[in-house]
Amino acid sequence: MTSALLFQSCEKMMGDYLDKAPGVDVTEDTIFSSKVQVETFITGTYRYGIHSIFPRSEATYTGSDYGIPIACSTDEAEAANTWVNQQVYNNANVTIDNVQGAIDYRFNIRFQAIRRANILLQRIDAVPGLDPTYINQVKGEARFIRALNYFEMFKRYGGVSIIDKKFELTDNFMVPRSTIKEVVDFIVSDCDEAIKNLPEVYNADMRGRATKGAALLLKAKTLLYAASPLFNNGTPYLNMADPSNNTLICYGDYDVNRWKLAANAAKAVIDWAPAGGIFLITDQGIDKNYRYVFEHCDNSEIILANKSTGQTGIWEWPWTGMLPGPFCSWTWYMGYSMTFNFLTKYEKQDGTPQTWDPVGGNDLITKYKELDRRFNQSVAVVGSYWNTDNTIVNSYVGGNQNSGNIGGEWILKFIPPSLNQTSSQYAMPNDIIFRLGEAYLDYAEALNESDGPVADAYAAINIIRERSGQPDLPTGLSQDQFRDRVRNERAIELFDEDQRFWDIMRWQIAEQDGVMLGSFYGLKAYPNPTAPNFRYEVYKFESRSFNRNEYLLPFLRSEVLKGYLIQNPGW
Amino acid sequence: MKFMIYKYNRSIILIFLISICSSIFSVAQVPLQDSVVVKQNTVVNIAYGTQQDWMVTGAISTIKGSDIQSPFSTSFTSRLYGRIPGLTVITGGAEPGNENNSIYSRGINTFGVAGTGMLILVDGVEANFTDLVPEEVESVSLLKDASATAMYGSRGANGVLLVTTKRGTKGNLKVVFSTQQGFQSAERLPQFLGSFDYARLYNEALVNDGKPELYTAEDLASYQKGDDPYFHPDVNWYKELLRQSAPISNYNLNFSGGNDKVRYFVSLNHIKSNSLYRKSGDESDFSVNGNYQRVNFRSNVDINLTKRLSASLTFGGTVVDKANPASNNTDGIFNAMSIIAPNAFPVYNPNGSLGRNSLYSNPLGDILYNGFYTSNGRTLQTSVGFTEQLDMITPGLSATVNISFNSYFLSQSNKSRTYESFAIKKYPSGVIEYTKYGINTSLIGSEGSSDQNRNTVVQYFLNYDRTFGTHAINGILMYNEDEYAISGVNNFPVKHSNISGRATYANNQKYIGELSFSYMGSDNFPKNKQFGFFPAASLGWIVSKEDFLKDSKLFNYLKIRGSYGVIGNDKIGGYDQRFMFDQVYPYASNYYFGTTNDTYTGIIQGSLANPEVTWEKEKSANFGVEATLLNHFDLTLDLFNRDRYDILVQPNRTDPDFMGYTKPYLNQGRANNKGFEGKLRYNNDKSKDFKFFAEATLSYFKNKVVYNSEALQLYDYLYQTGLPIYQPFGLVAIGFFKDQTDIDNSPKQIWTTVKPGDVKYQDKNKDGEIDQSDISPIGKTGMPNLTAGLHLGAQYKGFDIDMIFQGVSNCTVYYSGNNYEAFQNNGKAGTIALNRWTPSTAETATYPRLSSMNNENNYQYSTLWMHDGSYIKLRSIELGYNLPSQITKLAKMQNVRIFINGTNVFSLDYMHGYQDPEIGSGYPAVKTYSVGVRVQFM
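Chains as they are written, first to last, in our numbering: chain A, 1 to 571; chain B, 1001 to 1938.
Don't read these hints as lab results, they were simulated from the structure.
Please read all numbers here as calculations on a predicted model, not as lab measurements.
Not one of these hints is a red herring.
What follows is a list of derived Cβ distance ranges for each label pair:
{"hint": "1", "chain 1": "A", "residue 1": "Trp315", "chain 2": "B", "residue 2": "Lys1225", "range": "42 to 52 angstroms"}
{"hint": "2", "chain 1": "B", "residue 1": "Glu1213", "chain 2": "A", "residue 2": "Trp330", "range": "28 to 38 angstroms"}
{"hint": "3", "chain 1": "B", "residue 1": "Asn1825", "chain 2": "A", "residue 2": "His296", "range": "37 to 47 angstroms"}
SDA-like mimics (lysine to any residue), calculated; alpha carbons at most 20 angstroms apart, straight line:
{"hint": "4", "chain 1": "B", "residue 1": "Lys1529", "chain 2": "A", "residue 2": "Leu18"}
{"hint": "5", "chain 1": "B", "residue 1": "Lys1764", "chain 2": "A", "residue 2": "Asn98"}
{"hint": "6", "chain 1": "B", "residue 1": "Lys1529", "chain 2": "A", "residue 2": "Tyr17"}
{"hint": "7", "chain 1": "B", "residue 1": "Lys1766", "chain 2": "A", "residue 2": "Thr95"}
{"hint": "8", "chain 1": "A", "residue 1": "Lys35", "chain 2": "B", "residue 2": "Tyr1587"}
{"hint": "9", "chain 1": "B", "residue 1": "Lys1748", "chain 2": "A", "residue 2": "Thr82"}
{"hint": "10", "chain 1": "A", "residue 1": "Lys166", "chain 2": "B", "residue 2": "Pro1651"}
{"hint": "11", "chain 1": "A", "residue 1": "Lys562", "chain 2": "B", "residue 2": "Thr1721"}
{"hint": "12", "chain 1": "B", "residue 1": "Lys1748", "chain 2": "A", "residue 2": "Thr95"}
{"hint": "13", "chain 1": "B", "residue 1": "Lys1527", "chain 2": "A", "residue 2": "Thr30"}
{"hint": "14", "chain 1": "A", "residue 1": "Lys165", "chain 2": "B", "residue 2": "Tyr1661"}
{"hint": "15", "chain 1": "A", "residue 1": "Lys562", "chain 2": "B", "residue 2": "Tyr1661"}
{"hint": "16", "chain 1": "B", "residue 1": "Lys1748", "chain 2": "A", "residue 2": "Asn98"}
{"hint": "17", "chain 1": "B", "residue 1": "Lys1748", "chain 2": "A", "residue 2": "Trp83"}
Cβ atoms here follow ideal geometry from the backbone N, Cα and C, with glycine treated the same way.
Here chain A stands alone, though its shape is the one from the complex (with noise of 0.2 angstroms):
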């Protein structure tokens, strides 16, 4: 005891000589001081916060390494190689083990802006000088975040913990998961807070910012998921080992009030567009509108994009995942190409339907010639020109450009023609989170489930038609048919933009034929003997697994041997 003492008074005697000496370390504290230095952290939790659309190449991005677009994983796409991760889907290969590292790279990073968003939510009060506008706006920004990854999660994994503050070493951190609708409330809750906190617009310079409009659309998209059959069911798609833990992966019940919130969500995003200034792109020509929106960044169809990358290069990522290995000697994962199954799914200019002959024809290019224009602005063509590099791209049976060329049509989507391996190498991505074009089909989705398909459904639809061409939906329809030409017109006007895949989820329909289950086809094309035109074969290339399980991801088997986690159905 005295000699306790006597060290305390030694320690006291020996002063400060083993403080630390003032450094260039940044804390917290130094962060929280200044406008400037909440600015970095701000900047920070967007590029931990913002996932991508596309494939990245490290973990602070979205994607996975050996990634292409998840497109390849359901009915729109068939990727060029087989070891590519996306693939695990197609022979139902995901496990309890792989789920992290093949599917869901950004199960961490999402916490980890969590708890950015959280900081930011605790700590900005207290920063000296900033103006309420301001402080409010990073409020705003910090919520939205948090709920964008909170609907990141919801999407993939149904009721997961919520975290609404920063964890120090001394919390407990065994938080179980909550409810569908607690997640759905959170977000709910975060993104009406960032409504009213978030400016319309920002400066050109703060381009990529979260708006009111982001928060809106994320609110819609929220609630139009919640109010989907996957969730909105009195039983879930297969039931937890405990069936009194069915809520954290359904409702339990059926409500149409949900579809009603969806639907006025989603019109609330329409309806403040020209306020955010932000307006459909139509003033490019039938025939270019729809490519305007992917080859132009910031352009005025844009709500949110991820931002976390300058100009790239074509040997980097997301280039490299995407550009057909024909095209570019220089990328790695060979390209993909649009399944059979999908190019069915495109109108004809007149609004029918394609006849594709089972067995193939001699006249691919003029069937090509007569199908909704977005198709020809979403893929490149057998014997079309695609820029300086590929003057004709030869993807027929024995071209050179056909290596790696499964479906048919390589997908060339947000590539811009630009981007070549000779003079320009270097392009920007225009990662698209969130654009206006989507908040119409929300909107016609939800409002058909919810009055039917009443005259404001089919004015939604049809604008979407309209700027590419398309004649509008015939009148008449029942809601079922109407349902039907919705996500139709759905998989056509939001192809390849990470949306497909969460569709086919929340309609649980992955294990329709054809969807993400059973026979997928491709099509050959044939220089001979019609040229300019081509034949086509169609042929069978895979047959695809899913088991139903697959409706929600599994968590990562070592976090649920943590004992804090109930581990979904089915894994």
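Using the hints provided, position chain B relative to the given structure of chain A.
Frame of chain A; chain B shown alone:
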């Protein structure tokens, strides 16, 4: 008597053996001295002081500087193999000045990010130790248990090595000059196939891969005959670049002496070791001869300023100059020599220009014409101490203050250029086409300094040492502040402050008790949690002083001792920062806001702060026996158990991923290390003409990870917990695939489509697929946990012989790299590839089928490439002759010894000649033969 023995345990058998030995050597009945008196004359270095040997109750092993004159090496640590019980020396390399050996006390007992190195003190302060020469070293002591290291508090748990430099003693001026001149040569070089075998096997590899053969029968014939040196060359790059032997030399001159007022020791040493490269500097104006040279100087002076006040000055340093052709280290060139196929290109083309191909430059050209790198390093160790006798307060009391300053500085000067070389190609017409690579430029210089460290230490001591009647008391109380500054913007100085003390009491020179402690603070830890208390206690009993052993013929001296205490290790490591109690946010990630996509810098979150972060602690117990038996045998034996806890680990087992940060390191890990070490020395110097001694040391430890919070694993065999620290994990190779049927009937191996002759692995989890889940603990660690040494010496009249053997066991050497992986990474093939699998050698093959491309399956980390790393090496053998004094006196010399020495003369091991068991690639292990003379002037 005999019948009893078998009933008792091994220690009795040992005694039995000793009594047999004693009968062999027929012990003469010389009058016995009081054993303790002998031990009084020996002084042992202990923490911050010295103690008479009999009084020591901790586990300490000491070796004298004069006892490590051999082996001959530029590195001080290379002299310690197998010499100090409890000390493991791990070879880092053999390149002069780049040995980088690491040393461990009782193995290692921590893991993960923690530092495993021990605290090394030269004259009580941290300073450069590997560059010292034995001529300036008085002794090296290893402090092993808690009792010995408690005063070093949170720095003592990995063991402490005390190096004490020589000081003058009262007496006439003594001048000693010595020199040693020798040659170094590679002990073993990797063995690669010549062009004929290379081409033959490469064809086979191509066929295995389903490709056409590359070399025609004419090509092969040409390689075999060697009749086309330009287009069918057969180049052994080792022969082209290295010389058979390279000189090494050492000169030392030292003076010592003193009187009542002043005592001094002054030493000057120059050592030079040329590299095994050919003398590139003599051949080219653009290169230098590779060499390493170092000057050591030292001047240690003690002065009695007044009757009571004395001063002690320590001044030592080194200047190191290194020169190397082509780059500042030899790794790149040695890698080139080990990868370029013998037939890739000739050294010189038909027109005399340097050859090369599109893939590889010419290694000879690189060392001759690419420029050269020189560096200069300087160390300085200075220390001033004053001691005042405080007898007026109470007899035996004194106070000392000691101030030390050490610095280290390294600067480099690089000269580089490019040179032209040509790839040649012969057309059927006979025309030779030359393709030029590179252009000749003049040398471009760059200079820079890299490491700059300095260390400032202030120490205050209060010493008490007194004997009253049968009571002996010895005590010390000290305060220490040290600051170690390292250059670099983000480097904070490492600081400690320490109050520590020790009190020893002995009764009747029979019963000894000691308490020691440290109250140490380190700036690594959060304020108010910087200081820790580290106590230790020990007891000793000199049994031989008891009446019942007084007349024992067997035990001349017997002491048993035990200690227990808590010590710490503050080198806990960390994720990306030293101050783990602060949450840091390094600037790192960008985002591109704005329609013009301008870069904005973003802050990322470092790993979470651990506000409770603290040092590792170790509860350390030791039991020891020291004995002199039958007048001739000295035995020391120590048993220890060390429980380390508060090792930093990431809570992967418990903390959810949704924490949203890089998991912090928490003080949760635990490890255990137990073992023993001993030394047995037989000494026979009864005859004036013939003297003989044998000294054996043995050190053994067994450590294990007790808890490391590793993530939950699918299979139990994937856990590190319970296994030795750094246990390797890999696949179990169970042979080669016999044929396609064998492949079809075996689990799928995921890396590549396997073919007959590929390595077949064990399906550990029996899921029908071989993948990363099938790895399990295989082999032993790279670090041996058994080290033994045998030191033998004899003198007959003027002649003497001295041999040092050292051996290790319980370790694994992993065969990897160009020497073993035939044709991988566009490389060549070692002779090991001759044992390859082919359909006809399927039964006897020890090497998988050859493949011309990188084979993902066969070179997985597996048991196939593991080999027993045990070895026995003759570290040194020395023959000497002392000139008769009648002759030396004529030349005014007191003592002249001439000697020849062999260092690392042979190695018995399981490497089949493919490599040295300690050095697998790069600069080869060397052996050294030298002659020397040592002259002591009157």
